[in-house]
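**Q** Taken in order, these protein sequences are the chains called A and B.
Each residue of the first sequence is one higher than the one before, starting from 1 at the first, in my numbering.
Each residue of the second sequence is one higher than the one before, starting from 1001 at the first, in my numbering.
Since the hints were made in silico from the structure, they are not lab data.
Each hint should be verified, as a subset may be incorrect.
[Unchecked claim] In silico SDA-like links for lysine to any residue, alpha-carbon gap of 20 Å or less:
| id | chain 1 | residue 1 | chain 2 | residue 2 |
| --- | --- | --- | --- | --- |
| 1 | A | Lys2 | A | Val86 |
| 2 | A | Lys128 | B | Ala1127 |
| 3 | A | Lys128 | B | Gly1122 |
| 4 | B | Lys1002 | B | His1047 |
| 5 | A | Lys22 | A | Glu76 |
| 6 | B | Lys1129 | A | Glu120 |
| 7 | B | Lys1022 | B | Asp1059 |
| 8 | B | Lys1129 | A | Asp119 |
| 9 | B | Lys1022 | B | Asn1109 |
| 10 | A | Lys129 | B | Gly1122 |
| 11 | A | Lys128 | B | Asp1059 |
| 12 | B | Lys1129 | A | Arg112 |
| 13 | B | Lys1002 | B | Ala1201 |
| 14 | B | Lys1041 | A | Glu76 |
| 15 | A | Lys129 | B | His1078 |
| 16 | B | Lys1022 | B | Glu1138 |
| 17 | B | Lys1128 | A | Lys22 |
| 18 | A | Lys41 | B | Tyr1116 |
| 19 | A | Lys155 | A | Arg112 |
| 20 | A | Lys128 | B | Lys1002 |
| 21 | B | Lys1002 | B | Ala1044 |
| 22 | B | Lys1128 | A | Lys41 |
| 23 | A | Lys22 | A | Ala80 |
| 24 | B | Lys1204 | B | Lys1041 |
| 25 | A | Lys128 | B | Gln1210 |
| 26 | A | Lys41 | B | Lys1204 |
[As the list claims (entries may be wrong)] Reference listing, derived: stretches of chain B covered by chain A, where coverage requires no fewer than 3 residues with Cβ under 8 Å from a Cβ of chain A:
| id | stretch |
| --- | --- |
| 27 | 1031-1038 |
| 28 | 1178-1187 |
[Stated by the list, open to error] Estimated spans, in silico, between C-beta atoms of each pair:
| id | chain 1 | residue 1 | chain 2 | residue 2 | range |
| --- | --- | --- | --- | --- | --- |
| 29 | B | Glu1076 | A | Arg133 | 33 to 39 Å |
| 30 | A | His150 | B | Ala1044 | 14 to 20 Å |
| 31 | B | Val1081 | A | Ala213 | 34 to 40 Å |
| 32 | B | Ala1044 | A | Gly37 | 26 to 32 Å |
| 33 | A | Pro200 | B | Glu1076 | 44 to 50 Å |
| 34 | B | Asp1036 | A | Met114 | 41 to 47 Å |
| 35 | A | Gln209 | B | Phe1179 | 41 to 47 Å |
| 36 | B | Gly1122 | A | Arg133 | 14 to 20 Å |
| 37 | A | Asp36 | B | Arg1035 | 37 to 43 Å |
| 38 | B | Gly1122 | A | Glu203 | 26 to 32 Å |
| 39 | B | Pro1082 | A | Gln209 | 38 to 44 Å |
| 40 | B | Val1086 | A | Asp119 | 41 to 47 Å |
Fair warning: this is a prediction, and the values are worked out from it, not measured in the lab.
Backbone N, C-alpha and C fix where the C-beta goes; we use that ideal spot for every residue, glycine too.
There are 2 protein chains.
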Amino acid sequence: MKLHTYFRSSAAYRVRIALNLKGIDYEAVPVHLLRDGGQQKQPAYRHINPSGMVPTLQDERGTLTQSMAILEYLEETHPAVPLLPVDPLGRARVRELAQIVSCDIHPLNNLRVMHYLVDELGVTEDAKKTWLRHWIIEGFASMESHLERHPGTGKFCHGETPTMADCFLVPQVFNALRFEIDIAPYPNIARIYGNCIALPAFEKAAPGQQPDAE
Amino acid sequence: MKLHTYFRSSAAYRVRIALNLKGIDYEAVPVHLLRDGGQQKQPAYRHINPSGMVPTLQDERGTLTQSMAILEYLEETHPAVPLLPVDPLGRARVRELAQIVSCDIHPLNNLRVMHYLVDELGVTEDAKKTWLRHWIIEGFASMESHLERHPGTGKFCHGETPTMADCFLVPQVFNALRFEIDIAPYPNIARIYGNCIALPAFEKAAPGQQPDAE
């Protein structure tokens, strides 16, 4: 299995965690998002992923893009270490938490959006940081509220073992810390993040541990 | 089953399509995103959905948010009319196409982002429209390329019957047309959109057909 990845990509980081949790060996193929005008936008890469984004996963069956679709695929093809609970309502909750990150927070903070803000709208460095912080803080408040009030929240986002929700939360917290956002106002997020990064599967997936880390 | 919905919400529109395709009766509870400073942000609504967004689905089991999580839940609890194929690679592809819409296009164009652009960054009406068009055009180019090159594309995004991918694509095309974006450069998107809206399940879910339509 080959994972086209960039060490600091939040979406690639999610897939690395899931592969590690499931104990799936893979070959990391680095795609540098800042070099050569963005290697993800070059024809060679667009040939395997027309969206020009990371990650892309390739196995003997085919080529897959979009982190959530990849995680669901891994869940269906490698069910031995499950990342979704068995009950439909629990499964919906895990996906809901993952999607707060993947739909409500992360899309507003990725590289292409930052470029547009600066290059097309001419926003200042300060206004860019305020934008980043705004969407993360709003999303974390929502996530924390979901975690705080639900009896299913445990050592991890849902129960006592990691799920897809944790695969999504951890890279987002990593980003938040990188942008110097204080996560103390979100005690469940902070606690779950701590529990996750103590596990080898999460540690091994961290940006600083990747072959292409800078 | 109760669906908290707003007629023009793209995310609620996706769920309405899926409910109709599966033949599930539901009660529509309108949440007006522009009235009372946004009814979705009021305590009464946040009590059922702390994210303060539509849609929210309530059934006898519990309360669910996030459109993709809701569609997966409906698929698991009401499998009679499937919106995912049976093979893992096909399922991954349908989710991938849905996520191009839900992660790469729609989050950049929703109401709260438009408000931030105008209220916080002071962008002009023209620059706001350019922003909207930019992300839809970039996303549609990517979607079209995925559809064009894949043998699984049929009368619908994947095969000869509607899937989750179509539930996501149609509301996004509806938005694009509302913003006067020409979809002729995306022949597969335009063709599939036409095939979808000819079906009663899609027609009944359209914004103009909702009890809260204006």
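**Q** Now tell me if each hint is right for this structure.
**A** Comparing the hints with the structure gives:
{"no.": "1", "hint": "A/Lys2 / A/Val86", "in the structure": "violated (28 Å)"}
{"no.": "2", "hint": "A/Lys128 / B/Ala1127", "in the structure": "holds (17 Å)"}
{"no.": "3", "hint": "A/Lys128 / B/Gly1122", "in the structure": "holds (13 Å)"}
{"no.": "4", "hint": "B/Lys1002 / B/His1047", "in the structure": "holds (15 Å)"}
{"no.": "5", "hint": "A/Lys22 / A/Glu76", "in the structure": "holds (12 Å)"}
{"no.": "6", "hint": "B/Lys1129 / A/Glu120", "in the structure": "holds (13 Å)"}
{"no.": "7", "hint": "B/Lys1022 / B/Asp1059", "in the structure": "holds (15 Å)"}
{"no.": "8", "hint": "B/Lys1129 / A/Asp119", "in the structure": "holds (16 Å)"}
{"no.": "9", "hint": "B/Lys1022 / B/Asn1109", "in the structure": "violated (28 Å)"}
{"no.": "10", "hint": "A/Lys129 / B/Gly1122", "in the structure": "holds (16 Å)"}
{"no.": "11", "hint": "A/Lys128 / B/Asp1059", "in the structure": "violated (41 Å)"}
{"no.": "12", "hint": "B/Lys1129 / A/Arg112", "in the structure": "holds (18 Å)"}
{"no.": "13", "hint": "B/Lys1002 / B/Ala1201", "in the structure": "holds (18 Å)"}
{"no.": "14", "hint": "B/Lys1041 / A/Glu76", "in the structure": "violated (37 Å)"}
{"no.": "15", "hint": "A/Lys129 / B/His1078", "in the structure": "violated (44 Å)"}
{"no.": "16", "hint": "B/Lys1022 / B/Glu1138", "in the structure": "violated (31 Å)"}
{"no.": "17", "hint": "B/Lys1128 / A/Lys22", "in the structure": "violated (43 Å)"}
{"no.": "18", "hint": "A/Lys41 / B/Tyr1116", "in the structure": "violated (29 Å)"}
{"no.": "19", "hint": "A/Lys155 / A/Arg112", "in the structure": "violated (34 Å)"}
{"no.": "20", "hint": "A/Lys128 / B/Lys1002", "in the structure": "violated (39 Å)"}
{"no.": "21", "hint": "B/Lys1002 / B/Ala1044", "in the structure": "holds (16 Å)"}
{"no.": "22", "hint": "B/Lys1128 / A/Lys41", "in the structure": "violated (25 Å)"}
{"no.": "23", "hint": "A/Lys22 / A/Ala80", "in the structure": "holds (7 Å)"}
{"no.": "24", "hint": "B/Lys1204 / B/Lys1041", "in the structure": "violated (27 Å)"}
{"no.": "25", "hint": "A/Lys128 / B/Gln1210", "in the structure": "violated (38 Å)"}
{"no.": "26", "hint": "A/Lys41 / B/Lys1204", "in the structure": "violated (39 Å)"}
{"no.": "27", "hint": "1031-1038", "in the structure": "violated (count 0)"}
{"no.": "28", "hint": "1178-1187", "in the structure": "violated (count 0)"}
{"no.": "29", "hint": "B/Glu1076 / A/Arg133: 33 to 39 Å", "in the structure": "holds (37 Å)"}
{"no.": "30", "hint": "A/His150 / B/Ala1044: 14 to 20 Å", "in the structure": "holds (19 Å)"}
{"no.": "31", "hint": "B/Val1081 / A/Ala213: 34 to 40 Å", "in the structure": "violated (47 Å)"}
{"no.": "32", "hint": "B/Ala1044 / A/Gly37: 26 to 32 Å", "in the structure": "violated (50 Å)"}
{"no.": "33", "hint": "A/Pro200 / B/Glu1076: 44 to 50 Å", "in the structure": "violated (31 Å)"}
{"no.": "34", "hint": "B/Asp1036 / A/Met114: 41 to 47 Å", "in the structure": "violated (34 Å)"}
{"no.": "35", "hint": "A/Gln209 / B/Phe1179: 41 to 47 Å", "in the structure": "holds (43 Å)"}
{"no.": "36", "hint": "B/Gly1122 / A/Arg133: 14 to 20 Å", "in the structure": "holds (18 Å)"}
{"no.": "37", "hint": "A/Asp36 / B/Arg1035: 37 to 43 Å", "in the structure": "violated (49 Å)"}
{"no.": "38", "hint": "B/Gly1122 / A/Glu203: 26 to 32 Å", "in the structure": "violated (43 Å)"}
{"no.": "39", "hint": "B/Pro1082 / A/Gln209: 38 to 44 Å", "in the structure": "holds (40 Å)"}
{"no.": "40", "hint": "B/Val1086 / A/Asp119: 41 to 47 Å", "in the structure": "holds (45 Å)"}
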